[in-house]
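Given chain A, put chains B and C in place with the hints provided.
Chains as they are written, first to last, in my numbering: chain A, 1 to 483; chain B, 484 to 808; chain C, 809 to 1494.
Take these hints with a grain of salt, some might be off.
Stretch by stretch, here's where chain C covers chain B in the computed footprint (C-beta under 8 Å, at least three residues) [as the list claims (entries may be wrong)]:
1. 702-709
2. 720-731
3. 798-804
What the hints contain is simulated information worked out from the structure, not anything from laboratory work.
No residue lacks a Cβ here, since even glycine has one placed at the ideal position from N, Cα and C.
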Amino acid sequence: MIELYAAIGAKPLFLWTDLLIWLLVAVIVLGVSYTRKRPHLLEPWHRVARSRLAMGSLVVLLVYVVIGLLDSIHYRPALKSTEANAEVHYAVEARTVLDWLVGDLGEQSEKSYSAPLATHLYSRESIETEAGTVRDYPRLQHGGAHLEDPAQQRGDLTTSLFVGGLQGVLVWLAIALIVAMWLRNRQGRSPLQWVVSKIRGQSDEGDVLPWHTILWVTCVVALLMMMAIQVGVKYHILGTDKVGQDVFYQAVKSIRTGLVIGTLTTLIMLPFAILLGIMAGYFRGWIDDAIQYTYTTLNSIPGVLLIAAAILMIQVYIDNNAALFETTEERADLRLLFLCIILGVTSWTGLCRLLRGETLKLREMDYITAAHAFGVSHLRIITRHILPNVMHVVLISIVLDFSGLVLAEAVLSYVGVGVDPTMYSWGNMINGARLEMAREPVVWWTLLASFLFMFVMVLAANLFSDVVREAFDPRLQSRGERS
Amino acid sequence: MLNYILRRILYAFPILVGVNLITFFLFFVVNTPDDMARMQLGMKHVTPEAVENWKQERGYDRPLFWDDTASGVGVVSETLLFIESTKLFRFDFGVADDGRDIGKDIRERMGPSLAIAVPTFIIGLMTNITFALLMVFFRASYLELSGVVLTVVLMSISGLFYIIGGQFVVGKLMHLVPISGYESGLGAFRFVVLPVAIGVISGIGSGVRWYRTIFLEEMGKDYVRTARAKGLSEGRVLFHHVLRNAMIPILTGAVVVLPLLFMGSLITESFFGIPGLGSYTIEAINAQDFAIVRAMVFLGAVLYIIGLLLTDLSYTLVDPRVRLS
Amino acid sequence: MSKQSEDQLLQSDRDTVGSPLLSVQDLRIWLSSRQQTVRAVDGISLQIERGKTYALLGESGCGKSMTALSIMQLLPEVSLKRASGEILLEGESLLDCPEQQMRQVRGGRIAMIFQEPMTSLNPVMTVGEQVGEVLQQHKNLRGSEQRQQVITLLEDVGLPTPEQRIDAYPHQLSGGMKQRVMIAIALAGEPDLLIADEPTTALDVTIQAQILDLLRRLQQERGMAILLITHDLGVVAEMADHVGVMYAGQLVESASREQLFSTPGHPYTRRLFDALPDRSKRHQPLTVLHGMVPPLTAAFQGCRFESRCDQSWGLCRQLDPNWFAVSLGQQVRCHQLNPEIEPPNREMVTPEAEPQPLPVTDEGAVLLQLQGLKVHFPIRKGFFHRTVGEVKAVDGVDLSIRPGQTVALVGESGCGKTTVGKSILRLLETTAGSMQFAEKALNQLQGRALHQVRSQLQMIFQDPYASMNPRMMVGDIIGEGMDALGISRTPAEREQRIAELLEQVGLSPEVVKRYPHEFSGGQRQRIAIARALAVDPQLIVCDEPTSALDVSVQAQILNLLRKLQQQQNLSYLFITHNLSVVSWFAQEVAVMYLGRIVEYGTVEEVMCSPKHPYTQALLSAVPTVDTESQREVIRLQGDQGSPIDPPSGCPFHPRCPQAESRCSQQLPEQQWVSETHHATCLLLKG
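Next comes chain A alone, as it looks inside the complex (with noise of 0.2 Å):
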């Protein structure tokens, strides 16, 4: 092992929140092929599938998935050792796969501010030049450093706008094709016809998918996405932020943290709200009353104070055991596991109140009574009967969360209380730069940055979400459908 480490010149990093993500990967993948086989559980996905608003914002969600994943298989580069056949060390900063594909984006530190493709920094310094020194704006050291004149700047920009256009096109073309092919009706036309007569809006009996709004919410996902490689190799985007970063490969690195504290805080709290929920709605009795009693309880502790406390003892356990930590981003993924554990904790209550009151109404029904007069145990009762019915209510509750969770990350880090100050999150980026709207002149880029970020997964997560409620709950449905 340790030799085909050194050979490949970089040692994998098992964080926890990386392996819980990519097995929420695979219980994603064995329940979408577990669903596929039962026409009654798919039914509902074919009215979300059916939505024109649920496809396009799930094609944006998926490139926020695809990034988040690809920042979530982490590992430690090798160090370039000055002696030969010496043992190999790694690099104490962990890096992923993310990384490694967008190149050294992240490692193009100016030494301070500057605004959005600039060439120069922000603020004047003195620059030592031939006539003495001077006070002036400085060049960057990566931002349109490959330019001899400044001045050629909108051009470059121009070109590299529509080379990356260009680029965009044809990877979306190739992904059209891709999927054209794959596709079985295809009403007898080749690829290329079926792409051009979606794109034009022409649908076909026994279409699903709405393929009209996926192509151009995908057309207009590439083209954006090669603009930004284009551009962004050489030039900041959104400009670098106070110690010089790239803010653009901050936000593009804050995905990862947003997507983890959405998703793993719901897993975390899941098996508890959906055990305890479906114990007090079915047995009843005392252990109804203990249930309900705990989360009463926990209810009742103001949750940001409780995140709060509980987040300030990690820390200062942390602090105590540093040596348990081999590098920067192992300290700061406990913290936020930790962050997701105790959100997870504040917000299983909502939905263990809800398993609770949808089976106190499943048990009264006759299907269950029927197993009772068979003698069917408790534990087959809850797994058989009551589980499979309550589902609708907790996979709704998790495409509901997701968002707000999503927010309260910010929230969270503005107070101080949310993920570690080392790691790239929207809540981090906001909090280094509310101050900055003191300046004279404005830093606005960096909010603009986490806002638009933020604002567009959100967006999309919430328009997902509400496709996804109205096709599973059932009062919504009878509302639309009664005759």
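This is chains B and C only, laid out in the frame that chain A set:
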């Protein structure tokens, strides 16, 4: 009625005991008084004597749960758990790390918190209900569709941006009101306007959607059909029948947060420099002043339980089907 | 030709009775959602005269309610609806009437009452407000004048103590009283036409009789026309002047009540009559309509009833039949009655039903014996669950069932009959009394012994939609009991057995891999029967197994239950409120009132010579199809008491028309009328 309230207060007691146990566990067991002392005195150069001194000053040198040295009831009552808990239950919050009386601070800071929270709450509730009713009234039209889209967009913006944006535009660019600060008395008005406005706007997205769902659910019920069959106008059906039924979940949902308004809003207060309980809490968290945090947790729990009680009582007022026993 | 003949017929109708109050011409309502189009109403024409009752009869999902709602212009808000045709109220078209004007019509000229009085009233408004609102809207009455008028109206609809009830909220009223309030709301605007959409379906028989009486009286007093929508032939017989029979979105027969009940014309109508269970058909299986109402989502070709009609021929498949007159005032939409066509089998014979012997019961052995069974539910309150009272759901029930026998347990809702059934299955704990099942003390069994006995006792439920887990496949639903009780042997045997069971209940064995939502109510009930049979029970508690089903499907299920009883010597405890089903199906009847059995005997004894005043009232309250007999309805006042605080003495005395003063003091005991017949009434003592 009185009997019922008394009984409910009795039921609240075990919950407060539970809250107290959790906070005690977090603040004294997970994080021992020794840790606290070391942190307060600075990590370096701490002598064991200094730690002991610090603990003794605050009475933290007692055993946690069980005092072997004491006799009789003293075994329990001479412990940190018992003493600290009884203090809380007497609303005696002790002193902060900087030596100030926490109880006094809380009383002083309640006013500014309420000055922000109460108007935000009332105006917000009315705004949300109005917009939701409008959307339901114009349902299945483009007006509703754009309303739905707008609420989703508003909902997707982090509360922090409302505040930062509001401060920047109204305070910095337009110079209409001071960006932050507070003044007691009538002078508070110009400091309160912006936070309240921002609080209301940031709540519109989720609030309107929530109320709209409630209204739509009521709209599907049979009695609405009966009302229409009477020949009533759509407006009367909405205001006279639907609204009265929908007010039950809306009011009772609002009542539960009513007492919590005392706690103030963490973010708003700290951004606008309002000397309320919200900013007090944030300062305490940042200064890692556990005595204050513990007091605020307890206070929050008490207020929440009062909220639950008020919810039950409000049901009897607005819903004829519920009668207390 | 079709249009012409139709118009001619309609014309002749008009000539004989003058201009109608309401005339509906070729009404079509199509509701579209993103996935499908439902042709809810597909060409309906009808006329309603002033002061007359027009009954729209049909099974569920045939479009009757849609017709009513479209007259009121109250169709549900769905994405797309299309209505064509004409609705004329005194010559004024309602379909293109602007909303503003329509509001004058609603409540003012046409009023409507709905099926569910429980949910149709606004729960947070007082009765007075809800009635007064109409007076304000249409009569512009306010203040004390309005209040006075409301009290008069409430008095008119027979609400006791209206001065107090005017300030009551709906939840403080019983179901019957709520429906009276609904009627008062409808009457407030003094409408010319009252649309009553299944006004008594949710109510008990005795209450139904009260409400029907009330409607009849009000109609006479006010000369109002009534459009009565119902599925119940009995109600039609009691109320209607003219009847329209609906099937799959169309009217198939239009006739006066006398014509319909003496010479039903359409094969569908005839089958409906045949499918009604009653005592005269006791010794033969009920005639059934096979299959079910076709879904209204597809376009039809030919006659809609063709697939279920046993007299159909080629033409029926190709051509939608026109209206043909049978006699003056009676028209039928069926090719058989076209005088120009000679149908291949003009003879309309009801297939000769094979006489079917009643199941033989073993007189000696007793399978189940209940003695003094009591089930009380404690009412707990508060945090420490103090018991503050008891619901005496079952308060002393004696019952015995022999192998192969059907005992019917009859009573109104809330009398405790389902509780009896559930305690026999040990789904509820009994408070007192003994239960002997096959020589075992059933209520003392625990653990393994109880587990073993579970296979002998099974249950079939009322609501076929709630009795099956929607997430389980039919095979697993049926197999569940075999798995839990360890009956299934190898997987192959299990599969084999499930296939057998499905065939036994008349379903194809291929359905094992399908989910319940793909089946209709009747099919689900068959699956439920197969599930119960899977563990080879000796006694099946049937809890209203057919009351959620349409008449034609009910007949299928009843026939199936009886066939299975004969094949397997099953015993049934048949819980129902439907007395005609009892007289066809059961051998012995127990009548329950407020937790006690008030009368017990063989079907002949109880049905023909009831001794207890309650049984007598119950029997007289059932509307019958037999229009000839002039039966006298015994009116019961008020509602069944509360099992929390039952009346002293005889629990029935507050409603009993024959009650004497001792009835309120003394608890009556069983009085034996014959060897097999007893009643619990003080008056029988002499």
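The hints, checked one at a time:
Note: the segment 702-709 of chain B has 5 residues with beta-carbon separation from chain C under 8 Å; the three-residue rule is met and the coverage holds. Here's how the segment 720-731 of chain B fares: 5 of its residues keep a CB closer than 8 Å to some CB of chain C, so the rule of at least three is met and the hint holds. Here the segment 798-804 of chain B counts 4 residues with a CB under 8 Å from a CB of chain C, which clears the bar of 3, and the coverage holds.
Hint check: no violations occur; every hint is consistent with the structure.
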